[in-house]
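Asks: Got chain A sorted already, so can you dock chain B onto it with the hints?
As a plain string of letters, each chain reads:
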Amino acid sequence: MNTSSNAPAGIDPRSPRFGAGITAIALLITLSLGLADSTIPQGVAERSADPAFLLLTLITALFAWGAFAGIKRHPYGALFKALILPRLGPPAYREEPEPPTFAQLVGFVVSAMGVVLHLVGIPYGLVAATAAAFIAAFLNSVFGLCLGCEMYALLVRARIIRQS
Amino acid sequence: MEPLQIALVVGGLLVVSTLLGFAWQNKQGAVSRKASASLPPDVPVELIDQGALITLLQFSGPYCSYCQAMRVVLGNEAVSSEGNVAHREIDITDYPELTASLKVSQTPTTFIVTGSGHIISRIHGAAKPPIVAHEVQQALTQRKAQADEYLI
Numbered sequence: 000m001n002t003s004s005n006a007p008a009g010i011d012p013r014s015p016r017f018g019a020g021i022t023a024i025a026l027l028i029t030l031s032l033g034l035a036d037s038t039i040p041q042g043v044a045e046r047s048a049d050p051a052f053l054l055l056t057l058i059t060a061l062f063a064w065g066a067f068a069g070i071k072r073h074p075y076g077a078l079f080k081a082l083i084l085p086r087l088g089p090p091a092y093r094e095e096p097e098p099p100t101f102a103q104l105v106g107f108v109v110s111a112m113g114v115v116l117h118l119v120g121i122p123y124g125l126v127a128a129t130a131a132a133f134i135a136a137f138l139n140s141v142f143g144l145c146l147g148c149e150m151y152a153l154l155v156r157a158r159i160i161r162q163s
Numbered sequence: 000m001e002p003l004q005i006a007l008v009v010g011g012l013l014v015v016s017t018l019l020g021f022a023w024q025n026k027q028g029a030v031s032r033k034a035s036a037s038l039p040p041d042v043p044v045e046l047i048d049q050g051a052l053i054t055l056l057q058f059s060g061p062y063c064s065y066c067q068a069m070r071v072v073l074g075n076e077a078v079s080s081e082g083n084v085a086h087r088e089i090d091i092t093d094y095p096e097l098t099a100s101l102k103v104s105q106t107p108t109t110f111i112v113t114g115s116g117h118i119i120s121r122i123h124g125a126a127k128p129p130i131v132a133h134e135v136q137q138a139l140t141q142r143k144a145q146a147d148e149y150l151i
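Keeping their order, the protein sequence lines are chains A and B.
Take the first sequence: its letters are residues 0 to 163, numbered as in numbering that gives the first Met the number 0.
Take the second sequence: its letters are residues 0 to 151, numbered as in numbering that gives the first Met the number 0.
Since the hints were derived computationally from the structure, they do not count as laboratory data.
One or more hints might be untrue.
As the list claims (entries may be wrong) - Pairs of lysine to any residue residues, derived as SDA-like cross-links and limited to a Cα-Cα distance of at most 20 Å, are as follows: (1) B/K26 - A/V141; (2) B/K127 - A/E149; (3) B/K102 - A/L153; (4) B/K127 - A/G143; (5) A/K71 - B/P61; (6) B/K26 - B/R142.
To be verified - Some residues of chain B that are not near chain A, with every Cβ distance over 10 Å (derived): (7) S37; (8) K143; (9) E148.
Fair warning: this is a prediction, and the values are worked out from it, not measured in the lab.
Heads up, the beta-carbon is just placed ideally off N, CA and C, and yes, glycines get one too.
Pulled out of the complex, with its shape left as it was, chain A reads as follows (with noise of 0.2 Å):
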């Protein structure tokens, strides 16, 4: 195990759970922009520029970071770092860095399935992606449950995970 002068193995799973806080408050703001205007414009140009879809768009971009990047190069981790861990105590447990960057690439899958549907001019098709997004999210930020890595254990049972 640990020797005292190594840094404990794993991070704090206060960290994606602190920047799950900001995208489930970002998605949510996606939600209400999305249902406040949900006619799907005529051209894509005119589609592309709906505030909800930007607003998506740039919360994908992010997801695609923590995915790609791994969690632990997520700007949200760097700033939980500089506002919110000199508040804090050391954290009660550590978390391995692959289940938060997996949730970042189940966010990802499924916001960026939100983008391509409100770009083909699929009505409620951002808004359904959105609330998906945000349910994930929120579950991960407030109760500390990882949606992807629950759904990963259903898929191995299932055999349709099959050996790594």
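Replies: Frame of chain A; chain B shown alone:
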């Protein structure tokens, strides 16, 4: 949509998410004890420590938020037990067939088993240290009582 309708949708979503969260939280660390359950025959014998009274068999996965925390909790039980308790951890992707035969659909899942492959209890998800300690004590008491019966 009108602002009131938007508020209703957003509020509804918050209520649904909160209920989902509480439902999950209630199940975390739940313990089930089934009388006379044995390990299925496809469980490799090396997963059970024959020298210990009980083995804490932890199912983990590559994407599991609380497996590391549970590893520490279960590991501490093993260390403080003077050899009566062993801790083994396996990855569900290495033993996918066991997820079916043992009905594991969540990581971490922990089985408290005897050296002869009898399942004493099952801990769903991550459990707080006092719950684990209580279960381990119960299991040890049960095992020692059985051992005394054999002596008589």
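Asks: So which of the earlier hints does this model not fit?
Replies: 6
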